[in-house]
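Using the hints, put the two standalone chains together into the complex.
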Amino acid sequence: MSMFADDETRSTFAWLPPDIQVIFDRIRSGLSKFSIEGKIGLFGLSLFVMMALFAPVIAGHPPDAITGDSLERPGAGHILGTDELGMDIWAQICYGARMSLLIGLAVAAVAGFGGGAIGILAAYKGGLADQVLLRVIDVTMALPSLPLLIVISAFMGPSVVNVIVILILFSWARPARIARAQTLSVKTHAYIIAARNYGAGSWYLLRRHIFPEVLPILLVLVIGITSHAIVAEAGLAFLGLGDPTSKSWGMMLNYATSFRSIYFTPYWQWWLIPPLVALIALLLCLAFISRDLERVLDPKLRGRRNTE
Amino acid sequence: MRENRAIISRFLLTLMILLTINFFLPRMMPGDPFSLASSDVEGEDVVVMTEAQRAYYMEYYGLDRPLHEQFIIYLKNLAMGDLGKSISNKMPVSGVILIHLPWTILIVLAATIISTIAGIILGTLSARNRKKGVDRFMMAGLIAFAEIPSFLLGLIMLLIFVVQLRLFPIAGAITPFANYTGILDWMGDVARHAFLPVLTLSLSQLTGVYLLTRNTLITVTTKDYIRTARAKGLGERIVWTRHALRNALLPVVTRTGFMVGALMGGSVLVETVFSYPGLGMTLRSAVIARDYPLIQGILLVIAVSILVCNLAVDLIYRRLDPRVVAQGG
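Protein sequences, first through last, are from chains A and B. Letter by letter, the first sequence follows residues 1 to 308 of the working numbering. Letter by letter, the second sequence follows residues 1 to 329 of the working numbering.
Only chain B is shown next, with the shape it has when bound in the complex (with noise of 0.2 Å):
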């Protein structure tokens, strides 16, 4: 319990950090929110503040407060959802995520999913010949392809796929003013624009699951009560599934959870390559649009997951396996 609570104030902690980094950013940049909203809407109010207006707007949005009033303040509003306007979109920070959330969500799932199983699966098929042909074939492949950053892999598919094969979309989830004929054909469409993004994101992930699960095998075969299994007459089928690979399977499982949250870092370069219309495209454009509210909504988002989804390794790792706890304390 008490390293639970470790892990739990090391998360607040860090969450507090992140928090201050994204309040403090802004505030260190020269000039102020007023000159940048002039500037940027185009063709609307440029009209130069005289002093009292300015003095009036820098009231108006608390600005003139003490930095920690203001920090305790922007604590609130976060606590209520409120992550500021837009600028480029010209509506709530928390609306345009809600709209792109869901696309990156669905990728992300999606590429967990597969690249885990995928993953075991060809982590078992290595394990079982190892030391042949196809074990070393694919530990040279998979390591080497490991190596490639997931955007640029992105870059290949795409040129690969769309350019030249023109097998699926160029760009967006789902086709423009299309006429579906039933939920099928919307699901065929959603699935063919996300099938390159998922693609790239699982291959980024699966060298990791499928080196994981060859090790841990390899590691568990050689344990007594396999051989005690394979001692009393057990089918290799048997030993294999309900001996190796069930004890094997834990750390990869909790391993999905560290997954989700690189994938949602690694999403946001991989749905530019594809202009696939999820938070990390919204943060290319928000970064070209010099969007500093949306930026810092979208990182905050994205941070939190990748945190909470690491907390919930930590604990849930205690849970399924008694010996860290054991071992820790």
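With the rest of the complex left out, here is chain A (with noise of 0.2 Å):
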């Protein structure tokens, strides 16, 4: 990280612990390195957050209540007109913005800063745990897991909770592995050792000088868990394996062209077409995010994603 060697010693954070007082100032330093994109990126991701936050404020209507003839035409009382039920469809784009960031958030931080942990602790051991941590890594990465997504969840029943874990169990394998190759490399360095003659206990070193060298490229891989995670949640939604009491933009998209002659009638313009921007939209923020996070966080990491 000697790219930050030169910033600026005081710190906005200073009532903070000296290493979290670190993590604060790399990310705020790095978020002036942003690129136009990557702040488009943050200001979009921005917008989506306060629209998750303050979703029964903006909304207008209650998103799964009848609040308006069936199919109406965007007009006045519903901005973006009414689904079959007569259900208000921007509030449920707006509530759906809810499900979507917390499903992508929480797999992307269990698995992104577990599976960090994790493949960590196992490089910082090494030995029998580690060999077989590797071993778990690679049968995880290597199973398929769309078509097992979608029969798991096809038994285990549709919910939240359960597309969320299952998310996780398929998510934790790569920040594991790549936590652990950094952790291997970083550990041999020669001011690691000579922290540890100075007498640094373990969790000393994993906290101070390990977990900060590892925590770029993490940050990197848990915002590609979130737009994985948010993929995957639409795309179970949308074949009908969403849970049904929530209002997801993939059970919009599931319930929109599951209506017969969807698209012999001009409902799709208002139905199909608002989650499927919100999507897209959500997805390229997260995008632009973490090209410039990769950028700007190290350098290093370019090389390494476009040989996978």
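FYI, nobody ran anything at the bench for these hints, they're computed from the structure. Every value quoted in this text rests on a predicted model; they were computed, and no experiment measured them. Any given hint might turn out to be false.
Label pairs and their computed distance ranges (CB to CB) [claimed, not checked]: (1) GLY172(B) to ARG28(A): 48 to 58 Å; (2) PRO62(A) to LYS131(B): 47 to 57 Å; (3) LEU75(B) to MET141(A): 19 to 29 Å; (4) HIS68(B) to ILE40(A): 56 to 66 Å; (5) PRO18(A) to GLN70(B): 53 to 63 Å; (6) LEU184(A) to ASN4(B): 17 to 27 Å; (7) GLY141(B) to ARG28(A): 28 to 38 Å; (8) GLN131(A) to PHE24(B): 22 to 32 Å; (9) PRO17(A) to ILE8(B): 42 to 52 Å; (10) LEU234(B) to ILE193(A): 47 to 57 Å.
Chain A stretches covered by chain B per the calculated footprint, using a threshold of three residues with CB under 8 Å from any CB of chain B [to be verified]: (11) 143-152; (12) 235-246; (13) 273-284.
From the three backbone atoms N, C-alpha and C, an ideal C-beta is built for every residue, glycine too.
Here it is in structure tokens:
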């Protein structure tokens, strides 16, 4: 992380413990290096987050109550019209943002940081645990995830928690593997050995030296997992395997496309297009952020991604 | 050779885990197959079974035996191609799969070929014009494009080309009840129906091939033997095709194997979008009908073909590139 060595020493996060302060400073100085694309991504993502947080305020209608006629055109009462049952589309989009972000972030946080922690610990400890973990990672990554996702959710029953759990089970291996590789290479650096010789304990080394080194890669992976989880949830819901009690964008796509003769009527214009646009916009925002983060946080990473 | 054995043993381990998941999932569910069958078959045999009848059927289907015996029987049946009986179609699962598999194979293979060729052409174009407008434009465009998941892309295609422009049929693989004047007529009809699914799948894989071709070409062209080729007076055309491209294509060609696997998975959603009667759409109808044996059978076919493709890539890559063997081990 030599590229951050020239950063200012004083920090706005001075009230935080020093090791967390380093991380925050890094993120902040990274943000200032974002390109236009990345800033658009961040701006877009924050719009979606606001939409999810303030859904009850901005939706205007409850998402799961009949508030109008069936299949009303967009108009004054319903900005984006209504669906087959007379529920407001705009309200469903707002609450759908909650669902997508919740699933995406929950999966990414647990799988990304959990998997990362497992990888770091295994690499740090080494030995049998490390060997076993490597095998498990190999097999997990070799399993075809989409078909298995479909079948497992078909059997486990559609619920948001099940979807999250299954997605976590399929997403932790990559961060674990990369965190492991990164830890192995960091472990041999002279300054770590020096710190250990000065009497640094395992916990101190992990927290102060190894974790900050692995964090940038993990952050990039976490964003990747977020968008992957959002796509997977939307895909499952689109296939009819979503939680029927939840209002997600994938469920909207499912209901709209299952509606008989939707393509021969004008209804798709306000029923199908909004969730489609919302999903693509959110995914593009995440992709822009991820690419910029990758570029800013660690130039070494760029080569790695292309060779995979 | 030791590496080969490691690859094969990993393949077998993954396969066993897959089969185990497939075997245990239905058995972990509450209830039993008989209550399921009696509630799904409309108007038939809704008689509630007596304990004796239940016991009889449990024995008949071997469900009273210990789990490990059941597992062995399951594996034996699989080995003989017996995947059980589809509840919604009232025929063997293998039969249902055989009807729909050819359509999936058709679009997956077509998409593999098209995206490979298009990706190589665009990648070469981009590498030759490195850092110029064409290159930058294609890089930015294709990378952003790759972020759109294939089924959403398919929906967009459907809305534009079918709903708005009415250029292609909306569903199916052939026109029902059509009277074909000849084989060409039939092929035209099949191509018209397959066009959009194939286009969507190809576009979803295009960026990968494009980036790989471009990046390998750029690496290759910095090598000494390219300079030598230019120095001895060979034309640019020969240098690019014979020296650069030929060496850069190795990873691209092996990638097609992975691509077939990814496309098999992606076809599930894309077929559903276009109501294309391949395995993927059958899987969706099986999900809606809660036809568990059929769901499992289709999963098995798709998953195993993905695993086999990946295995083939691993093994072939070692053959083609001796350096991999030298580095491994």
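(Q) Output the indices of the hints that this structure fails to meet, ascending. (A) none
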